[in-house]
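Residue numbers (the working numbering), protein chains in the order written: chain A, 1 to 417; chain B, 1 to 277.
Source of the hints: derived by calculation from the structure; they are not laboratory data. Some clues are possibly wrong.
Claimed, not checked - Just a few of them, taken from the derived set where beta-carbon distance is under 8 Å, the chain B residues facing chain A:
#1 A89
#2 L93
#3 C105
#4 S112
#5 E119
#6 A124
#7 T174
No residue lacks a Cβ here, since even glycine has one placed at the ideal position from N, Cα and C.
Chain by chain, the residues run as shown.
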Amino acid sequence: MSKTQVAASGSVSDLQPDAFGPPRGIGGSLRAFFSRIRSGDLGSLPVIIGLVIIWTVFQVLSPNFLSANNLVNLALQCAAGGIIAIGVVLVLLLGQIDLSVGSISGLSAAILAIGLTKLGWSLPVAILIALAAGAVVGLFYAFLFVRFGIPSFIITLAGLLGFLGLQLAVLGPTGSVNIPPDSPIIAFTQLWFLPPVTSYVLAALVVAAYLFVHLRAARRRALAGLSSASLGESVLRAAALLVLLVAVVYALNNDRGVPASFLLFIALVVVMNYALTRTKWGRSVFAVGGSVDAARRSGIRVTRVYVTVFVLCSLFAALGGLLAAGRVTTASTSTGAGDVPLNAIAAAVIGGTSLFGGRGSAYSALLGIVVLQSISSGLTLLSLDSPVRYMITGAVLLLAVIIDSLSRRSRASHGRA
Amino acid sequence: MTLATELDPARRVGAEPVLTMRGISKGFGAVQALTDVDFDVYPGEVVALVGDNGAGKSTLIKILAGVHPQDAGQITFDDRIVSITSPAASRELGIATVFQDLALCDNLDVVSNLFLGREIGSAALDEVEMESRAWDLLRQLSAKIPSVRIPVASLSGGQRQTVAIARSLIGDPTVVILDEPTAALGVVQTAEVLNLVERLRERGLGVLLISHNLADVQAVADRVVVLRLGRNNGNFNMSDVSYEDIIAAITGATDSAGLLHPTASTFDAADTEGDTE
Ligand SMILES: Nc1ncnc2c1ncn2[C@@H]1O[C@H](COP(=O)(O)OP(=O)(O)O)[C@@H](O)[C@H]1O
Ligand SMILES: [Mg+2]
């Protein structure tokens, strides 16, 4: 294999004379974007449009909807379910599913509460053991899946029941155990907010880091003779991010501020996005989701991919359970029950991660959970509770899946043109 | 191997085969898929392997690709006797196989597919390096790919075949095996892939081409080896064989190529008599 030749003339070497070549400049990026959309690669576009519509409708119907107070509540409500949804995104990327995330989160909450009260564990020990329980569950699933080839749908359906039983057993006859009110996990999920100055500094740092990374990548590409984003484009993107972050931070700071638990959720989304898009592991997750056979034949250790993903999914579910329990200061039979697991799965799909594997992004957990919690919060403000909420959530999920299927079909028809 | 050298004046004098198979047999239960088959691949030549359905072509290349081992017979690669026990062992020897199903991940872009399982970069992927090398490789092959950053699902059949072949070159192989590379392609795309096969030959690679299409074979192959019912039934230089001769060997109108072209056999039978492992 010959070494990369940097075009001495400074010409961009990845533009072939007889081809349309990669996008160049802002116009090129926009054109590439629209051609992707036309070919059925919709990504996050439908959910962003949906979110704008949902927020507009609720703001019109109920002027309190976009109030600072309600937005902070929304952020607080998103953290637990959103973290569970990150794990669901991972299994969906493999073309698998985990129906038991609710039971796992409930089990981990129960372990935390019992550990803190009956067993006298310190908080860090209780958290570690609860998370370890989640990891063990994921390991068990991966073993069943890899060893016996049972569909993950069935494995995790069995897990849903089995670990619900274990959760009830851990909780004991009362079915509900209060977390000590002075425990920091309660403060973390309910009372800790970033000081306003810190939140602005953080937003500025994030944008600076984004710009730095973007410019450095563009420079490396230019040096390698590849087409690269112009300075203007990089600055424009960074500016857009700055506007978005400052708007969010400003709105939240008008009330209590940016919740610590929400920040943890965002940080996990960013980290997982990095892992999925920039590491070999992430590449192999997408490869297995696209074609297990092709992945295996190209030397990817497929078993390892399944194990890491199932373990991470249960781990995120366990962590989500801890936050959920902290938020209501108690672990009970209803922690992780009801619509929790289905919301997490729905969030991942609504956010744009395909049910068919191989397509999606960690950001779909964020977008999806914000959509679902917005609907829930808006309906509560309108005094329309569970019955309507369930029906609307079901309809939105159905819509997301229809969009997923249609775009898949469109990709297929554009594919073998 | 002196005979082979005499037979093909175009071939460099003294060129040794990079890959030699002698007395290869393989059975699946009651079915004897290959019986005592001899086969050579020279560097810088395109050798076509032809035969009717069930003749044993796929079985032969699967032995080379490490999918399953032969029951009997000897494989020599670069003058060393080798046993190819797994696909990884086959790749490490320097044999790259492009199966008919291509084994691409449709959801990944061209660069990701080219480097799948062999990504460059330690902690983080080095996308710039991979993309540069991808363009280098595609340009050397004169491949027409509109962009290396689009999912391979949106490429045409010929372009997908091109990506699969280009990917096989990433590991720097000495022998490339192509299973029916033009089977699903139209006229223009077939021409592009055949062009690509010639690029591979120019790089000095030994190319083993399986094809049902004798027009394709005549267009690019230097030599054609015919299998019939799991046995050798002809080994011709393309320059001195007619379309009809090949058809006759495939269908069995002649039981042995030796009868038709007494000088055409490049194999020294004495070499391999009763050679089993
Ligand atoms: N895995 C297998 N199990 C049983 N029989 C097989 C297997 N693979 C090939 N065969 C048999 O071996 C013979 C040669 O097959 P194959 O190599 O696929 O021929 P070709 O590729 O030339 O059409 C056929 O009779 C086929 O049925
Ligand atoms: Mg075959």
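We went through each hint and held it up to the structure:
Here the hint on A89/B is broken, as its CB sits about 12 Å from the closest CB of chain A, past 8 Å. This hint is violated: L93/B has a C-beta 15 Å from the nearest C-beta of chain A, more than the 8 Å allowed. Evaluation of the C105/B hint against chain A yields a held restraint, the C-beta minimum of about 4 Å falling below 8 Å. About 6 Å separates the beta-carbon of S112/B from the nearest beta-carbon of chain A, less than 8 Å, and the hint is met.
Look at E119/B: its Cβ gets to within about 5 Å of chain A, closer than 8 Å, so that hint holds up. With its C-beta approaching chain A no nearer than about 5 Å, A124/B sits inside the 8 Å limit, and its interface hint holds. Proximity of T174/B to chain A is violated relative to the hint, the smallest CB-CB distance being about 13 Å (cut-off 8 Å).
The structure shown violates the earlier hints numbered 1, 2, 7.
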